[in-house]
Amino acid sequence: MRNSGRFLMLMVLVALVLALTGCGGQAATGPKVVKVLAMQQAGPTPEEMNAIVAEFNQKNPNIKVEIEYVSYDALHDKIVTAMATTPPSYDVILVDDIWYAEFAKAGYLWDVTDKIDAQTKEKVFAAAWDITTVNGRIYGMPWLLDAKYFYYNEKILKEAGFDHPPATWEELVEQARVIKEKGLVEYPIAWSWAQAEAAICDFVALLYGNGGRFVDEQGKPAFNDEKGVQVLEWMVKTIDEGISNPASVSYVEEDVRNVFSQGKAAFALNWLYMYDLAALNEQESQVVGQVKMSLVPVFESMAKQGLKSSTINGSMGFSVVDKSPNREAAWEYVKYLTSEDVQKRYAAHLLPIWSANYEGEALEALKALNPATPVTVPMFKEQFPYAHVRPKVPYYLEGSKALQLALQEALTKQKTAAQALNDAAAKWVELQSK
Amino acid sequence: MAQATLRPPKTYSLLQYEIREGILFLLPAMVLIFGITLFPILFTFVLSFTDTPLSNPSPQNFVGLSNYLAFLRSAQFWQAIWRTVYFTVVSVGVELLLGLGIALLIHARPPGWAFLRTSLIIPWAVPTIVNGALWRWIYNADYGALNGLLYSLGVIEKYRPWLTEPMQALNLVIVADIWHSVPFIALILQAALATLPLELDEAAAVDGANAWQRFWFIRLPLLRPAILVALVIRTVEAFRVFDIIYVITQGGPAFGTVTISYLTYLESFSYGHLGSGAALSFLITLFTLVMALAYIRLLYRPEVQG
Numbered sequence: 001m002r003n004s005g006r007f008l009m010l011m012v013l014v015a016l017v018l019a020l021t022g023c024g025g026q027a028a029t030g031p032k033v034v035k036v037l038a039m040q041q042a043g044p045t046p047e048e049m050n051a052i053v054a055e056f057n058q059k060n061p062n063i064k065v066e067i068e069y070v071s072y073d074a075l076h077d078k079i080v081t082a083m084a085t086t087p088p089s090y091d092v093i094l095v096d097d098i099w100y101a102e103f104a105k106a107g108y109l110w111d112v113t114d115k116i117d118a119q120t121k122e123k124v125f126a127a128a129w130d131i132t133t134v135n136g137r138i139y140g141m142p143w144l145l146d147a148k149y150f151y152y153n154e155k156i157l158k159e160a161g162f163d164h165p166p167a168t169w170e171e172l173v174e175q176a177r178v179i180k181e182k183g184l185v186e187y188p189i190a191w192s193w194a195q196a197e198a199a200i201c202d203f204v205a206l207l208y209g210n211g212g213r214f215v216d217e218q219g220k221p222a223f224n225d226e227k228g229v230q231v232l233e234w235m236v237k238t239i240d241e242g243i244s245n246p247a248s249v250s251y252v253e254e255d256v257r258n259v260f261s262q263g264k265a266a267f268a269l270n271w272l273y274m275y276d277l278a279a280l281n282e283q284e285s286q287v288v289g290q291v292k293m294s295l296v297p298v299f300e301s302m303a304k305q306g307l308k309s310s311t312i313n314g315s316m317g318f319s320v321v322d323k324s325p326n327r328e329a330a331w332e333y334v335k336y337l338t339s340e341d342v343q344k345r346y347a348a349h350l351l352p353i354w355s356a357n358y359e360g361e362a363l364e365a366l367k368a369l370n371p372a373t374p375v376t377v378p379m380f381k382e383q384f385p386y387a388h389v390r391p392k393v394p395y396y397l398e399g400s401k402a403l404q405l406a407l408q409e410a411l412t413k414q415k416t417a418a419q420a421l422n423d424a425a426a427k428w429v430e431l432q433s434k
Numbered sequence: 001m002a003q004a005t006l007r008p009p010k011t012y013s014l015l016q017y018e019i020r021e022g023i024l025f026l027l028p029a030m031v032l033i034f035g036i037t038l039f040p041i042l043f044t045f046v047l048s049f050t051d052t053p054l055s056n057p058s059p060q061n062f063v064g065l066s067n068y069l070a071f072l073r074s075a076q077f078w079q080a081i082w083r084t085v086y087f088t089v090v091s092v093g094v095e096l097l098l099g100l101g102i103a104l105l106i107h108a109r110p111p112g113w114a115f116l117r118t119s120l121i122i123p124w125a126v127p128t129i130v131n132g133a134l135w136r137w138i139y140n141a142d143y144g145a146l147n148g149l150l151y152s153l154g155v156i157e158k159y160r161p162w163l164t165e166p167m168q169a170l171n172l173v174i175v176a177d178i179w180h181s182v183p184f185i186a187l188i189l190q191a192a193l194a195t196l197p198l199e200l201d202e203a204a205a206v207d208g209a210n211a212w213q214r215f216w217f218i219r220l221p222l223l224r225p226a227i228l229v230a231l232v233i234r235t236v237e238a239f240r241v242f243d244i245i246y247v248i249t250q251g252g253p254a255f256g257t258v259t260i261s262y263l264t265y266l267e268s269f270s271y272g273h274l275g276s277g278a279a280l281s282f283l284i285t286l287f288t289l290v291m292a293l294a295y296i297r298l299l300y301r302p303e304v305q306g
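Protein chains in written order, with this note's numbering: chain A, 1 to 434; chain B, 1 to 306.
Hints may be right or wrong, so weigh each one.
[To be verified] In silico lysine-lysine, DSS-like type, Cα no more than 25 Å apart, as pairs:
id, chain 1, residue 1, chain 2, residue 2
1, A, K427, B, K158
2, B, K158, A, K182
3, B, K158, A, K413
4, B, K158, A, K264
5, A, K155, A, K292
6, A, K292, A, K105
To be clear, the hints were calculated from the coordinates, so they are not data collected in a lab.
With the rest of the complex left out, here is chain A:
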């Protein structure tokens, strides 16, 4: 009994030791592993991203890139929790432009200002660098230059007797009323007004189209001035009238795409990725061949002043994690992913950041790249200059949540538009003063 007792004790202790050491890290042998966190939503499809990874791994046998995908809404929180470990769980992360200020301040991102040569700097759109630059330092390569575009179903419009898309939101309401009366579509326009960043994107597009703005020069909230209140009241009215799909209050962009692709909406606002899937992809859409794009409308008061369009700038960049043990290898991958050659070949869902691609012969080559590009490339060139960014402040997420709440409170009739926006503005002021 004694001997077996001792033996058993020994085994238990050994098991304990093994368990504890098993919790540690593994030895680094073989190729350097670079873990990438990307998004499965706008931009290239996962198949395309995996193909790029395979290409890179082949060309760089001493680096092994592994890539993971999450939805946009999960991306921020996943990054934040991943950064808390040592070493961080990812070496390369996809960062939305509204998070750059927050992440740079938190020290997550590697400052790569000195790694970008002057030639690269010149060849990429100036506006693209704005995305990844915080306080004059560059923290990543711009990757996805995106804005929300205005999509419409030409067939439905024709059936209602219209031969051109609306240039103002007021005109859109007119057209929508006719479409609804004729019984062509029950709710002519679908929006992404769920309690998520998507709602802020739509709101900003509308806001600047009414002559309003998010914050003033001192960074104080300006979205609750009379222009902003008008916009929110307009949003509520369109739902009341049955022109906007009431389920929009729970939609994000994928829901808008689904509804539009089923022919259950005549108009929709969405990122560029929807064009290819709704207009050309028979498996994903029932309205293939009926989808067209035009400039995002503005309100009449601004159209009279000469404003052609207003939309939201929703760009993203790829950054290397500052505490990553494989920074150089990670940077190699980021450079490859955003290189001219790769961007040219995968331009179906992702337009290049290299301005040279939009001139002359290169432009023609770009347009001829695949069935979508003849439409998307000129549309991007036309629309992007009108895209507005959101405030680059470290507390953006908390402030955005307050504004999301305000939009939802007004849309669910819990508060008036003015009340809701003023409460949100008070929260912004509070955050700013902290």
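Keeping the supplied structure of chain A fixed, place chain B upon it in accordance with the hints.
Chain B only, in chain A's frame:
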């Protein structure tokens, strides 16, 4: 008195030996429990008195009780508490009634009772995240099964966006939670019912008690310990509900489904205020502790069997 006597070499008695072995066997488990449970609890407790950002999680910026006070003064906090209490009361209440009914049904051994008992496991076996995704699709405004069912039955004229009204969304999330959790209560109660002595029932029937009297005066009091167990577990779980809210509504619409756990998640991870999140966690703990103690006070009475 102090005679120098030769003492035999010190040996352990069998009991002492077994105690020593027992402690050594427990050591691995104790280390794990301390590492996984106790240490994080203490760490969180310390954090709750600081203003620590998520990006640099080591405790800093001691602020005393101001995190706690800020929440106790915040309308959003109390709204979340109210919603959580509502969620818990309705969810657990309905689950208890349904669970008791199903347990009694199984206990009565109707034809097919074994199938009922086995298939009851399925909702409970579904992981909560999957349950959330499942119900999210059922409630979908455009293709949801709920819309389809009600429309084809003629109850509604056209599809409705169920999750766009705050109170309605909260109730629908409660339904999803009830579907998931009723089996748990049903099975606990059914197991307890099976242990009740038959003689009591039979004696009461002989004395002229009808089914309802037999249930209310005999079975229910004897089921009290089992009900207590089920209630405490489910209440604590329901009070901390998070993943099904995250999946179905993300706290919307208009914060209408933001429960206290979801608020903690927002504070800690979305806004990055680890100190505030820690304070909220402890406030939740306090509430659930009070509730559990209240239950035990109300329901636990040493039973005399037979």
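Evaluation of the provided hints:
Distance check on the hinted pair: K427(A) and K158(B) sit about 39 Å apart at the alpha-carbon level, beyond 25 Å; violated. For the hint linking K158(B) to K182(A), the alpha-carbon distance of about 18 Å falls within 25 Å, and the restraint holds. Of the pairs offered as hints, the one joining K158(B) and K413(A) holds, with about 22 Å between alpha carbons and a cut-off of 25 Å not exceeded. With a C-alpha separation of about 14 Å, the suggested pairing of K158(B) with K264(A) holds against the 25 Å cut-off.
Between K155(A) and K292(A) the alpha-carbon distance is near 10 Å, which keeps this suggested pair within the 25 Å criterion. At most 25 Å may separate the alpha-carbon atoms for a hinted pair to count; K292(A) and K105(A) exceed this at roughly 41 Å.
Of the numbered hints listed earlier, those contradicted by the structure are 1 and 6.
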